[in-house]
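Peer 1: Chains A and B are the protein sequences, given in the same order. Per my numbering, the first sequence starts with residue 1, numbered consecutively. Per my numbering, the second sequence starts with residue 1, numbered consecutively.
One or more hints might be untrue.
[Claimed, not checked] Chain A residues, not near chain B, derived (Cβ > 12 Å throughout):
1) Ser37
2) Ser72
3) Phe153
4) Ser201
5) Ala206
6) Asn251
7) Glu271
8) Thr281
9) Asp283
10) Gly307
11) His378
[To be verified] As a list, the in silico BS3-like pairs of lysine-lysine whose alpha-carbon atoms are at most 25 Å apart:
12) Lys92(A) with Lys417(B)
13) Lys417(B) with Lys78(A)
14) Lys10(B) with Lys83(A)
15) Lys492(B) with Lys78(A)
16) Lys417(B) with Lys518(B)
17) Lys273(A) with Lys227(A)
Quick caveat, the hints were computed from the structure, so don't treat them as lab data. The beta carbon of each residue, even a glycine, is placed where N, CA and C say it ideally should be.
The lines below spell out each chain.
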Amino acid sequence: MVFKAKRLGMLALGPVLLLMSVFAMAAGGEVSEVNMSPGVTEVGQKIYDLHMVILGISTIIGVLVFGVMFYSIYYHRKSRGHKAATFHESTKVEIAWTVVPFFILLAMAVPATTTLLDIYDNDDAELDVVVTGYQWKWKYEYLNENGENVSFFSNLRTPQSEIDNTEAKGEHYLLEVDEPLVLPVNTKVRFLVTANDVIHSWWVPALAVKRDAVPGFINEVWTNATKEGVYRGQCAELCGRNHGFMPIVVNVVSKDEYSQWLAAKQQEAAEIKELMAQTFTLDELMVRGKTIYETNCLACHGANGEGGVGLPIAGSAVATGDLGHHLDIGINGVPGTAMQAFGGQLNDVDMAAVITYQRNAFGNNMGDTIQPIDVYNHKKG
Amino acid sequence: MGDHHHGPAKGFSRWLFTTNHKDIGTMYLWFSFSMFILGGTFAMIIRAELFQPGMQLVDPEFFNQMTTLHGLVMVFGAIMPSFVGLANWMIPMMIGAPDMALPRMNNWSFWILPPTFLLLASTLFMEGGAPQAGWTFYAPLSTTYAGPSVTYFIFCIHVLGLSSIMGSINIIATVMNMRAPGMTYMKMPLFVWTWLITAFLLVAVMPVLAGAVTMMLMDVHFGTSFFSAAGGGDPVLFQHVFWFFGHPEVYIIILPAFGVVSQIIPAFSRKPLFGYDSMVYATASIAFLSFIVWAHHMYTVGMPVSGELFFMYATMLIAVPTGVKVFNWVSTMWRGSLTFETPMLFSIGFLVLFTIGGFTGLMLSIAPADFQYHDSYFVVAHFHYVMVAGAVFSMTAAVYYWLPKWCGRMYNETMGKTHFWISFIGFNLTFFPQHFVGLAGMPRRIPDYALQFADFNMMSSIGAFIYGASQILWLYNVIATIVAGEKISDEKVWDGAEGLEWTIPTPAPYHTFETPPKIDPAHAHS
């Protein structure tokens, strides 16, 4: 019996090693197509190790159990003339296979606990970023910085034509954004995750971070990327129509590059502030408005303002009607519909530009302009 | 024999007014099969859209309606009623009772189901479409941000809960009061045991689900803010309440399946079930643990670390009684005299695939690792190994096992075995690759995906079409059996089968055990 068990054990080892080596090979590359990737953080490596250990234990147990079962299926079949035994219990064996798994679990609970405590240690972050989920985009705000606040939205960049299969799909189909989150390498970054509407979940596998974005509550989570690179992820919690279309791209760069980037963003923010006080010509607003339209309005209102999920803009009563009403819809949205309130999402310059654009594009020809100050005044009521 | 002996009434009124446990069981089974086909159709639409990257067939809203309705119809329409149907047919015949304890309520608990699902399906044609927040319908996506159909959905859930509670009370009352003299608790067939425990779970948690949807109703229509932080509520509260129902719910689905294979494996091993007592205790332990592990579905919501640890340890513990069950089934086969008729094939399929689902369940219980698994296709693969290869395979095994007893005709064994192998291959082709894409980072419930997931998704879709098509074979085999199967009259259809249901004539007469059978006190459980 002992001999048999040993032989079974040896038999079990073969497939286990095979499976593990397949996974190990797959894990050799940075991103695997068949297995979890350890990613670029220490926590990610620990999670990956936990994953592999428990997968290994499960595989060994599975091979043993199924080995016994298939042995029985082969040797104890009636067609081979095997007569059934009559035993139906064994207290010793039953106690053994209750107690042994318990200790295996205990052994697994130890590394799981330490890793979990590590993940929950949010202290001593060098950088805080507020991550806010919107239907269907992410907003990033950098805190704890001197100078202007930096905050921006990150939208899906994949064109609708690729999604509709009228154009060849690019390499990063659905995993590309107009403006990625930029983080410095080897820096403990704390994310303060929340949402504006429904629950989202911010997931970047390579950073080993997945945390739900719950409206009205702030969740803390941290990462520390040890390698520069571009890391991609997606919203993980069903959040409505475009749940599959709100990717995350994180650009991890050197600390120097990060400071330069931040300075540039702060500069940009300062410029926007200045622009707020300016008056623009119709042409200037149209140029700016076109790009804003394409990233914020196009998905629902169509490339030519023909409508879709949203109402048509070309020739619509709103876009060719009262200016104040049009502005109001842009800022406050239409409650109960897919039309969101963009007042908090676009700055006053961009809002002025896109409303102007809508009134003077797609055959609409109102000739009027909205200035940033109009938006500001409207918001103040 | 009784002096008042009558057969079934004629025509449609037989089915509408029947209080006969066999008629009601039959209706439950056919109803659940039709829901299985409907939910399967939704799944086919999902897999067809996911066949390749890009949006081809449906728009994202409709895709979300499909994932939502697929889950709801499969859980509440197909799997749960199928086991209630099986309970109706088999529990009285297994414990030597003439019928269920509350036959009129039995009729009612069935007949409220079809209109409810008709109403639920009709939401597809409403303005704004069917519910699209997933079968877990997390607030506020399912409340503030939901279309008008959510109100109908809430009503449906209430009625389904009512039906389940009535069905469960009936089963509890029957098992407790109507066992034949000498049929002590520890002599009951394991299927009866698992259903008794399941019924208690149902009675405990269906009201909790009703509470959750009632709070939704209040939030949607009466200005409350249970699930809205803006009014002092908390969206995560919904998840706690939902999963307090939802986790026991998954055991509600799987425990009767445990019962079924615990009947079938001994029959085709020609050997008594190994460790009957420990099977009962393991079932009870799993039921108890199911109440204290709900938040493992919510590791990423931002619970305090102490909460995470508690739910992680409690969840890991479930592996112990579940392991006991698997070891017992394998030991039942050990040194038996095995044959591999269709019910046995499906039971072995269950044993292998459910165990794999158990392993991935154990992996998911590890909270830090779950931060990577959570809401990915790894989870989709995991719960389909448990729900389909677990519950549906065992249900399929049950139909093949007891169908000859029900209708006195033998099914086509070759076709049955073919059904098994196509199902087995189709199922694995569908769901095994989903482990890979999940680990590689594909979130669940997305209508379109990045290019690196394309190959496995195509494989998955092909597998799903194969698995789906094989169910037509099953339907054909069952109908062909009922209409023109080879007639049999042996009381014991399977030579290794034990239990009271095999002591009555074949086909099972309309009324059985009008006088209680004698139970041999020396006779062990069956």
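Peer 1: Now, for every hint given, state plainly whether the structure supports it.
Peer 2: Comparing the hints with the structure gives:
1. Ser37: For Ser37(A), whose nearest Cβ neighbour in chain B is about 8 Å away, the distance does not exceed 12 Å, so it is violated.
2. Ser72: Contrary to the label, Ser72(A) does not stay out of reach of chain B, its closest Cβ about 5 Å off (not over 12 Å).
3. Phe153: holds, 20 Å
4. Ser201: Since the minimum Cβ distance to chain B is about 6 Å, Ser201(A) lies within 12 Å and the statement is violated.
5. Ala206: violated, 9 Å
6. Asn251: Holds, because the least Cβ-Cβ distance between Asn251(A) and chain B comes to about 18 Å, which exceeds 12 Å.
7. Glu271: For Glu271(A), whose nearest Cβ neighbour in chain B is about 34 Å away, the distance exceeds 12 Å, so it holds.
8. Thr281: holds, 39 Å
9. Asp283: The claim holds: Asp283(A) sits with its nearest Cβ about 36 Å from chain B, beyond 12 Å.
10. Gly307: holds, 14 Å
11. His378: Since the minimum Cβ distance to chain B is about 23 Å, His378(A) lies beyond 12 Å and the statement holds.
12. Lys92(A) with Lys417(B): Violated: Lys92(A) and Lys417(B) sit about 37 Å apart, past 25 Å.
13. Lys417(B) with Lys78(A): Roughly 18 Å between the alpha carbons, so the hint for Lys417(B) and Lys78(A) holds.
14. Lys10(B) with Lys83(A): violated, 48 Å
15. Lys492(B) with Lys78(A): holds, 18 Å
16. Lys417(B) with Lys518(B): Roughly 37 Å between the alpha carbons, so the hint for Lys417(B) and Lys518(B) is violated.
17. Lys273(A) with Lys227(A): violated, 35 Å
Hint violations for this structure: numbers 1, 2, 4, 5, 12, 14, 16 and 17, all remaining hints satisfied.
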